[in-house]
Structures are given as C-alpha cells and as structure tokens.
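Those protein sequences? They're chains H and U, same order as listed.
According to the numbering used here, the first sequence holds residues 1 to 235 in order.
According to the numbering used here, the second sequence holds residues 1 to 224 in order.
Take these hints with a grain of salt, some might be off.
[Unchecked claim] Example chain U residues on the side facing chain H (calculated, C-beta under 7 Å, incomplete): (1) T26; (2) T27; (3) G51; (4) R52; (5) R57; (6) I90; (7) R110; (8) G126; (9) G127; (10) A128; (11) V131; (12) D147; (13) W149; (14) R150; (15) T154.
[As the list claims (entries may be wrong)] The following label-pair restraints were derived from C-beta to C-beta distances: (16) H:S66 to U:I62: 35 to 41 Å; (17) U:A79 to H:P233: 54 to 60 Å; (18) U:M182 to H:G147: 42 to 48 Å; (19) H:G216 to U:V29: 55 to 61 Å; (20) U:K88 to H:V37: 43 to 49 Å; (21) U:L55 to H:T204: 58 to 64 Å; (22) H:F53 to U:R177: 25 to 31 Å; (23) U:F141 to H:L14: 22 to 28 Å; (24) H:W33 to U:S167: 24 to 30 Å; (25) H:T204 to U:S167: 50 to 56 Å; (26) H:F19 to U:K88: 19 to 25 Å; (27) U:F141 to H:T88: 41 to 47 Å.
Quick caveat, the hints were computed from the structure, so don't treat them as lab data.
We treat Cβ as the ideally placed atom computed from N, Cα and C, and that holds for glycine.
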Amino acid sequence: MKGRDTPVGRRVFLGLLGFGAAGVLVGSRIDDWQERVIGPIEARDGTGFLSLFPIGRFRIYSVAESVPSRSREAYKLKIGGLVDRPHTVSFATLTARPPVQLTRDFQCVTGWRVHNVKWVGVRLRDLLDDAGVQPSAKAVRFTSFDGVYTESLTLEQARRDDVLVAYKLDGQNLSRIHGGPVRLAVTPMYGYKSLKWLDTIELTDAVEPGYWEHRGYDVNGWVGRSNGRSDDPTA
Amino acid sequence: MTDAVVRDRPESLVRFDRIERLVHWTTAVLVGILIATGAILYMGELSALIGRRDLIRNIHVIAGLSLPVPIVAALFTPAGRGLRRDFKRINRWSADDRHWWRRARRAEARLGKFNPGQKLNASFLGGALVVMLMSGSIMRFFSPFPDSWRTGATSVHDWFALGIGISLIGHVMIATRDPIAMRAMRSGPVPEPWARTHWPRWHAEVTGGAEADANDQGEPEPDH
C-alpha cells in the first residue's frame with residue numbers, strides 16, 4: 001500500500017482556490033449572462049425553486065430596524081417644503097394619473113445589474129408641477145417611511161424624463177421588499193438614489209446628502225460616472 | 001502513539017483531543033454566526049424583516065475575519081499536534097479509501113481515522129472557507145480592485161455559500177446519526193471496540209498494534 005497514497009485532500013483544496021480565483025476574474029461576465037438568460041425565467045418561476053440559487057435579479061438592501069409595511073389603501077405621499085400647495089397624494093390618486101412606462105437597466109454600486117427593468121409610475125416632474133415649486137427651491141429631499149433612508153436630487157435632476165415615482169416593477173405592484181407601495185426610480189443613477197418606501201417629497205434650497213452619501217457614496221450618482229466605477233450608463 | 005489511550009479507562013481511545021474539540025466548536029460557532037448574518041444580508045424577505053444592514057454586515061465581517069484564527073493558532077501551537085496529524089490524514093487517500101467509494105468493496109476497505117467521505121468534506125470545506133475569506137475580503141475592501149473583481153467576488157461568494165450550506169447539512173445529518181462520533185467531538189473518548197471495527201488502521205496505530213499503516217500515521221512530529 002505504501003507509496004500508493006495520493007494527496008487528494010491537497011488537490012481538492014488547491015483546486016477550489018483556483019476555481020474561486022477564476023470566478024473572481026471572470027465571474028462578472030458569467031453573472032451578467034445568468035442574469036440575462038436565467039433571470040427572466042426565474043422571475044416567472046412560480047415555485048420559487050430558482051430563487052434558492054444566486055442568479056441575477058435584485059438583492060435587497062434594507063438599512064432600518066425593520067421595514068414597516070404600508071398598505072396601498074393607507075398610503076399617503078406628502079409633498080411639501082418650498083411649494084405653493086403642500087398636499088398629500090393617495091395611492092389611488094397616483095395611479096389614476098396617466099401611467100408612464102420606462103424600461104432601463106438597474107445598476108447597483110456594489111456591482112450587480114438587472115437588465116431591462118420595467119417601471120410604471122408617474123414623472124416626479126409632474127408631481128412637482130402640481131405642487132407649484134417656488135423660485136427659491138433648488139433641490140428635492142426624499143424621506144422613506146422606514147424612518148432612516150433619505151435621498152436628495154437637484155431640482156434639475158428631479159425634473160428629468162427618466163426619474164419616476166414608481167408603483168409597479170416588471171408588471172407587478174411593488175412589493176414591500178422592493179420598496180412598495182411607492183418608491184423612486186432615478187434610473188440614470190446607481191440604485192441607492194432610487195429611494196424605497198417613499199414617504200415625503202420636500203423642496204429645499206440646497207441638496208442635503210442622504211443616507212448612503214453619509215456613508216461615502218457620491219451625491220451625483222450617475223451610473224458609470226461616479227463612485228469610481230466604469231459601468232455602462234443606464235441613461 | 002499510546003498517549004491516545006486513556007490510562008484509567010483502558011477501554012477508551014481519545015479520538016479528538018482538547019485542542020481539536022476547541023477548534024471544532026469555536027469554528028462551528030463562527031460559521032453559525034456567518035450563516036445567520038449571511039442569510040439576513042442575502043435573502044430579501046429576511047433582510048426586510050431584520051434590517052440594520054450596517055450592524056449585520058459588521059458582525060458578518062468580524063466573524064469572517066476571525067474564522068481562520070482558531071485553526072491557524074492551533075496549527076502553529078505545540079499542543080496542536082493532534083490537529084496537524086489529522087490534517088495529514090485528511091490529505092492522504094489510501095488504496096482502501098479509493099475502494100470505499102464502490103459499494104461492493106466498501107466492507108473490505110480497511111480505513112484509518114477518517115473515511116473518504118469525511119476527508120472529501122473536510123478538504124472541500126477547508127478550500128471553500130478560504131475562498132469565502134478571499135472573496136468576502138474583496139467585497140468588503142473593494143477599492144484597490146477592478147469593478148469586475150467585486151462583481152465576480154460577489155458571485156463566487158454566493159455560489160460557494162450554497163456549496164458550503166449543502167456540505168454542512170450533510171455533515172450535521174450524518175454526524176447526528178452517530179452518537180459515538182458525536183460524543184467523540186463533545187468530550188473526546190470512544191470505545192475501543194468501536195474504533196477497532198470501524199477504523200481498524202487508526203485503532204492499530206494508536207494502540208501500537210500490528211495493523212499500523214505507516215501511511216496513515218503521518219510523518220512523525222518533532223517534540224516540542
């Protein structure tokens with residue numbers, strides 16, 4: 001028997017290290033492929049089986065102690081600050097407006113990307129116009145009903161065509177974990193700018209850095225042109 | 001090798017010494033923390049339920065960076081002799097080990113301290129945990145690396161987590177079916193007949209019997 005022993009353990013160990021290193025180097029391409037090919041199947045998979053595997057689609061980041069759930073019936077969006085007509089908008093009022101559809105890639109600053117996300121909502125610009133923005137207003141501040149998450153945009157950014165107050169994602173009402181019932185979809189910017197669980201919209205005289213910006217992310221979070229990253233733009 | 005025989009209870013052999021048990025259980029606790037916090041960070045519904053992403057992530061990172069400490073410390077301590085010897089046993093596969101995989105020949109395979117399934121599981125977990133440590137470090141300390149490495153590391157971390165999960169479910173299920181093996185990892189000793197029946201080469205090695213297989217003993221350890 002002697003001499004026929006083989007160091008299988010070492011081979012398994014080193015093989016895994018090589019496999020892991022290769023995965024780090026080419027994994028982003030495989031990830032991208034999985035997201036394009038398997039992601040859409042997973043989204044339609046009623047059994048939830050595919051969701052057990054780490055394939056594409058969204059990762060859920062939640063920063064507060066817990067995500068309060070708010071029903072569509074009880075939901076009220078508050079619009080205030082430097083506006084002529086502070087008011088609240090119910091979910092029914094929001095969805096009674098002509099829906100705006102927008103399909104864009106969703107890029108997270110940590111690297112994952114979801115292709116062709118279909119948003120339905122209303123343009124933020126239209127809500128701001130309803131409220132009557134005062135000349136002194138220069139920026140818009142958003143808060144979340146999770147009590148922690150905040151975001152800001154300049155007025156110019158907020159008035160873009162591709163910035164929505166969204167209530168549907170890929171054909172379905174926004175679920176709680178995706179920021180429902182109503183969230184922002186700031187599609188030209190990294191995911192953290194698209195505040196979830198939207199509670200208030202407040203016109204202010206200057207941009208206030210939000211939750212993630214206090215943790216080092218750029219205030220102007222354009223995809224591919226901020227946070228030291230070089231992703232393909234989503235605008 | 002007779003030091004493995006418990007002197008006042010000659011019917012018992014020490015399967016895992018104090019250092020090995022300490023390393024096993026501290027590692028198990030750290031891995032438990034990593035699985036719990038990792039699940040919260042990764043699974044959308046859990047993440048929404050628990051929240052506090054900063055805190056959970058910090059616990060996960062600290063537990064992850066601590067994971068190699070007990071193993072490495074024991075390997076480089078004189079008292080870690082038993083662990084070092086087991087590492088060598090896990091590495092080497094004898095001809096009997098290879099026969100063991102074929103059901104027809106399993107009964108005649110004369111095993112050392114571990115069966116090849118245990119060896120494979122241990123080698124896989126060892127390699128996978130190092131990969132998790134590396135990919136997790138790239139995820140956490142990403143700034144020196146290209147964007148694509150961060151994405152790749154995330155993907156590797158996810159898939160290896162799945163593999164480790166499956167491996168650990170198997171490990172725990174098989175272990176809990178064997179009360180003697182469980183006791184060995186809890187307190188150390190096993191009955192001598194059990195060792196002789198299931199692990200004949202190990203039994204011969206620690207009792208100084210004729211079965212001793214030089215390949216199974218590992219290289220002699222220098223005295224510290």
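Hint R57 (chain U) vs chain H: min CB-CB distance below 7 Å?
Hint violated; R57 (chain U) Cβ to chain H Cβ min 10 Å, cut 7 Å.
Status of the R110 (chain U) interface restraint (C-beta, 7 Å, chain H):
Check failed: Cβ of R110 (chain U) comes no nearer than 9 Å to chain H, outside 7 Å.
Quick check on a hinted range of 19 to 25 Å for F19 (chain H) and K88 (chain U), using CB atoms only.
holds (24 Å)
Does R150 (chain U) meet its interface restraint, that is, does its C-beta lie within less than 7 Å of any C-beta in chain H?
The hint holds - R150 (chain U) has a Cβ within 7 Å of chain H, the shortest such distance being about 5 Å.
Does W149 (chain U) meet its interface restraint, that is, does its C-beta lie within less than 7 Å of any C-beta in chain H?
Because about 5 Å separates W149 (chain U) from the closest Cβ in chain H, which is inside the 7 Å limit, the hint holds.
K88 (chain U) and V37 (chain H), beta-carbon distance inside 43 to 49 Å?
holds (44 Å)
Hint validity - T154 (chain U) Cβ closer than 7 Å to any chain H Cβ:
holds (6 Å)
Interface hint status, G126 (chain U) versus chain H (Cβ within 7 Å):
holds (5 Å)
How does the Cβ-Cβ distance of M182 (chain U) and G147 (chain H) compare with 42 to 48 Å: does it lie in that range?
holds (46 Å)
Less than 7 Å between beta-carbons is the criterion; does T27 (chain U) satisfy it with respect to chain H?
This interface hint is violated because 16 Å lies over the 7 Å limit.
Is 50 to 56 Å respected by the C-beta to C-beta distance linking T204 (chain H) and S167 (chain U)?
Roughly 53 Å apart at Cβ, these two residues keep to the hinted range, so it holds.
Close enough to count: is the Cβ of T26 (chain U) nearer than 7 Å to one in chain H?
violated (21 Å)
Hints 1, 2, 5, 7, 16, 19, 21 from the earlier list are contradicted by this structure; the remaining hints agree with it.
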